[in-house]
Amino acid sequence: DAKTTQPPSMDCAEGRAANLPCNHSTISGNEYVYWYRQIHSQGPQYIIHGLKNNETNEMASLIITEDRKSSTLILPHATLRDTAVYYCIVRESGNTPLVFGKGTRLSVIA
Amino acid sequence: KAGVTQTPRYLIKTRGQQVTLSCSPISGHRSVSWYQQTPGQGLQFLFEYFSETQRNKGNFPGRFSGRQFSNSRSEMNVSTLELGDSALYLCASSPHLFGGAGANVLTFGAGSRLTVL
Chain A
6 DAKTTQPPSM DCAEGRAANL PCNHSTISGN EYVYWYRQIH SQGPQYIIHG LKNNETNEMA
66 SLIITEDRKS STLILPHATL RDTAVYYCIV RESGNTPLVF GKGTRLSVIA
Chain B
1289 KAGVTQTPRY LIKTRGQQVT LSCSPISGHR SVSWYQQTPG QGLQFLFEYF SETQRNKGNF
1349 PGRFSGRQFS NSRSEMNVST LELGDSALYL CASSPHLFGG AGANVLTFGA GSRLTVL
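Respectively, the protein sequence lines represent chains A and B. Throughout, the working numbering is defined as the position within the first sequence, counted from one, plus 5. Throughout, the working numbering is defined as the position within the second sequence, counted from one, plus 1288.
Because the hints were derived from the structure by calculation, they are not lab data. Quick caveat: nothing in here was measured; it's all calculated off a predicted structure. Honestly, I wouldn't trust all of these hints.
[Claimed, not checked] Using C-beta positions, here's what the derived DEER-type ranges look like:
(1) Gly1328/B / Ala22/A: 44 to 52 angstroms
(2) Gly1328/B / Thr84/A: 29 to 37 angstroms
(3) Gln1329/B / Pro12/A: 18 to 26 angstroms
(4) Ile1300/B / Ala22/A: 25 to 33 angstroms
A virtual CB, placed ideally from N, CA and C, is assigned to each residue, including glycine.
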């Protein structure tokens, strides 16, 4: 089972920042937080990952709370092409695969 | 460089038949994972191969099988197809064994959409 909790859906106005929350209260010290997104009828796309520190790349920023029990993915200037299902995943320790939950369906509105 | 290539993109089969799906990973990637996606169950892990060996297996019946070749290309096979096997089958590759130590990321292909009638 997925170890994360995300809101099922969110709306965001085009050009505004999209802030997608994720709760992972049972995360352990060596587990990373990954974010992927899936645009309709395509394969999931990796966005960003982090362990303890905040991370930023060309796509997004990842803010992880100090206690690591939650995180927020930030798309700084959402566009219509960012409409997708966003998955927050905690990679379980050891030799285990990524487990996808239901994700958050983000709708960017013009 | 080329991404993950899955063939065929679409196929239709009837119950009882079998199907083979193919995945060519990104050049240099040695790990290939397979996922099944359905509207009801979402994305579910099938199996992972690394160096021609299955390293992880999800909770699927034995009708689902796979293999990996020495060039890292992978195939998955579903025998005795059932209506419930209709799904998008996704392949993903990564440079190393995904379940190994440290962070890693998966690059997914566009998927093979299987319809069982």
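### Query
Any of the earlier hints contradicted here, and which numbers?
1, 4
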